[in-house]
Amino acid sequence: MSRRGPLITLASVVVLAAIFLWANTVAGKSATGTVAAGAAATGTASPAQTAKAPLSALYAGRSSGNEVAVAVAINGRKAAANLTPGQGGVIQLQGSVTGDTVTLTGGNGAALSGSVSGVAMFGTVTLGGGQQSFPFSAEQTVVEAIYTGRSSGNEVALAIATEGRKAVAYVCNGQTIEAWLQGSVNGNQVTLAGKNGASLTGSLSGLALFGTVTPAAGLNFPFSAELSPRPAGVYQARITVNGLATRIGWTVLPDGTQLGVAVAGQARHPAPPLNLGTNSFTLDGGSFTAAPVAGQDTVVSP
Amino acid sequence: MTTEQTAVPLARDQYAKPLVVALGSGCAVAVALGVYGRLHHPTHYALDVAGFSSPLYAKAWLTTAAVVFAVVQLGTGYRITRSAAPAWMAAVHRWSGRIAILLTVPVIVHCLYALGFGTYSARVLAHSVLGCIFYGAFVAKMLSLLQRDKMPKWVLPVLGGVVFVSLIALWATSALWLFATKGVHS
Numbered sequence: 001m002s003r004r005g006p007l008i009t010l011a012s013v014v015v016l017a018a019i020f021l022w023a024n025t026v027a028g029k030s031a032t033g034t035v036a037a038g039a040a041a042t043g044t045a046s047p048a049q050t051a052k053a054p055l056s057a058l059y060a061g062r063s064s065g066n067e068v069a070v071a072v073a074i075n076g077r078k079a080a081a082n083l084t085p086g087q088g089g090v091i092q093l094q095g096s097v098t099g100d101t102v103t104l105t106g107g108n109g110a111a112l113s114g115s116v117s118g119v120a121m122f123g124t125v126t127l128g129g130g131q132q133s134f135p136f137s138a139e140q141t142v143v144e145a146i147y148t149g150r151s152s153g154n155e156v157a158l159a160i161a162t163e164g165r166k167a168v169a170y171v172c173n174g175q176t177i178e179a180w181l182q183g184s185v186n187g188n189q190v191t192l193a194g195k196n197g198a199s200l201t202g203s204l205s206g207l208a209l210f211g212t213v214t215p216a217a218g219l220n221f222p223f224s225a226e227l228s229p230r231p232a233g234v235y236q237a238r239i240t241v242n243g244l245a246t247r248i249g250w251t252v253l254p255d256g257t258q259l260g261v262a263v264a265g266q267a268r269h270p271a272p273p274l275n276l277g278t279n280s281f282t283l284d285g286g287s288f289t290a291a292p293v294a295g296q297d298t299v300v301s302p
Numbered sequence: 001m002t003t004e005q006t007a008v009p010l011a012r013d014q015y016a017k018p019l020v021v022a023l024g025s026g027c028a029v030a031v032a033l034g035v036y037g038r039l040h041h042p043t044h045y046a047l048d049v050a051g052f053s054s055p056l057y058a059k060a061w062l063t064t065a066a067v068v069f070a071v072v073q074l075g076t077g078y079r080i081t082r083s084a085a086p087a088w089m090a091a092v093h094r095w096s097g098r099i100a101i102l103l104t105v106p107v108i109v110h111c112l113y114a115l116g117f118g119t120y121s122a123r124v125l126a127h128s129v130l131g132c133i134f135y136g137a138f139v140a141k142m143l144s145l146l147q148r149d150k151m152p153k154w155v156l157p158v159l160g161g162v163v164f165v166s167l168i169a170l171w172a173t174s175a176l177w178l179f180a181t182k183g184v185h186s
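Sequence order for the protein chains is A and B. Throughout the first sequence, residue numbering follows the working numbering, covering 1 to 302 in sequence. Throughout the second sequence, residue numbering follows the working numbering, covering 1 to 186 in sequence.
No lab work stands behind these hints, which were simulated from the structure alone. Some hints here could point you the wrong way.
[As the list claims (entries may be wrong)] Which bits of chain B does chain A cover? Going by a derived footprint, with three or more residues having C-beta under 8 Å, they are:
no.	stretch
1	99-106
2	142-148
[What the hints assert, rightly or not] Here are a few chain A residues that sit away from chain B, every Cβ distance over 10 Å (derived from the structure):
no.	residue
3	3
4	5
5	12
6	67
7	107
8	141
9	164
10	175
11	216
12	268
Here a beta-carbon is modelled for each residue, glycine too, at the ideal position from N, C-alpha and C.
Throw the hints in and build the complete structure from the sequences for me.
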């Protein structure tokens with residue numbers, strides 16, 4: 001009899017663990033169904049709630065005492081957030097969406113839990129090794145976002161500006177390869193096209209955008225980009241130099257790194273450095289101004 | 001293999017096979033848990049146990065309860081490995097052990113499923129490693145019990161000691177840390 005005891009103990013542990021794991025998996029798959037995993041367990045998924053987080057949205061806001069800025073991106077069941085405290089760098093969080101509840105965690109005990117209510121999100125952020133908690137509120141913003149990144153082999157850098165469902169992008173290597181792209185955002189799919197077979201397709205995942213960019217027919221580069229604060233973005237100048245219509249594009253990364261190409265007729269040259277404070281630059285002794293490009297702008301002539 | 005060797009086995013070789021099976025299984029479980037925790041993409045959420053302010057507190061109190069039963073384990077285990085322990089003490093040892101280990105099951109499922117094997121701080125790394133060791137040692141001890149007569153005398157106390165010490169350390173790196181940093185409440 002006692003010989004079977006240890007086996008029964010082992011088996012009961014395995015069975016109980018399997019039940020919990022199964023219940024979690026079921027709860028994860030359908031965030032709606034009520035799951036009874038033993039008498040003591042209930043779902044955090046709040047199945048009765050009718051409000052659901054939208055499929056894809058950005059929320060921006062602050063904690064009630066203005067200690068920390070909060071930006072949350074939702075994409076399907078995935079969510080990501082950037083917390084920007086008054087001092088110190090940006091804290092990045094990753095997590096998931098269950099029903100209308102958003103739960104995110106990051107390094108060093110940072111966390112965010114919130115619930116979506118219409119176009120607002122309310123909840124609590126935790127900072128500083130789990131020591132400080134602040135209530136916050138954030139509002140769904142018109143999705144005007146800048147994504148910047150590089151191709152996996154560092155062949156090109158790119159910046160994508162989205163505004164609502166429209167998007168523009170500029171991709172270049174700072175020397176001779178460059179392309180202007182224009183397109184749309186549908187759900188988490190980003191599709192842009194340009195001249196000479198240029199195209200960009202990508203999918204949004206949390207704060208990141210992954211895909212393939214084709215600056216010219218035959219050149220395909222996988223890339224990753226992420227949501228980037230200013231001065232990151234797409235900048236453009238259309239000027240006349242020595243009687244030649246010249247178009248200059250810049251991809252500016254969040255750290256201020258810029259790659260640009262000046263195109264005059266068939267000639268392509270590295271773009272002059274852009275002063276990111278004033279958006280001005282000098283070329284051939286003349287002083288000019290560039291403009292940041294928004295997602296609604298037209299950059300590819302029809 | 002010669003006939004001489006099978007005919008005249010060394011006395012200590014009787015121990016070898018059951019012990020290797022038990023310890024090997026324990027090691028396999030520990031490694032498997034660690035690998036699962038590392039490979040499984042953390043969901044960052046899991047089912048909650050009702051009645052607590054957060055999953056973290058539910059886990060902390062479950063672990064604390066397990067530690068209470070583990071202390072009972074230590075006391076009764078100490079007595080029954082020596083002779084002349086009353087019969088009820090073995091039953092108390094068995095059942096306190098079962099309750100303790102079952103109390104930890106919801107905790108480890110949440111840990112592995114929602115969080116995974118973490119390495120981002122010394123506390124978290126230690127906790128992750130200890131969790132794997134705890135369940136590995138537990139499996140080794142259960143399998144050793146099956147072949148109790150064929151084991152060296154030191155095996156059960158040592159494995160029991162590892163289970164106990166790792167559980168206390170698990171509790172110290174999670175529940176105690178939580179109570180110390182966020183206060184003792186439900």
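Violating hint indices (sorted, rising)
3, 4, 5 and 7
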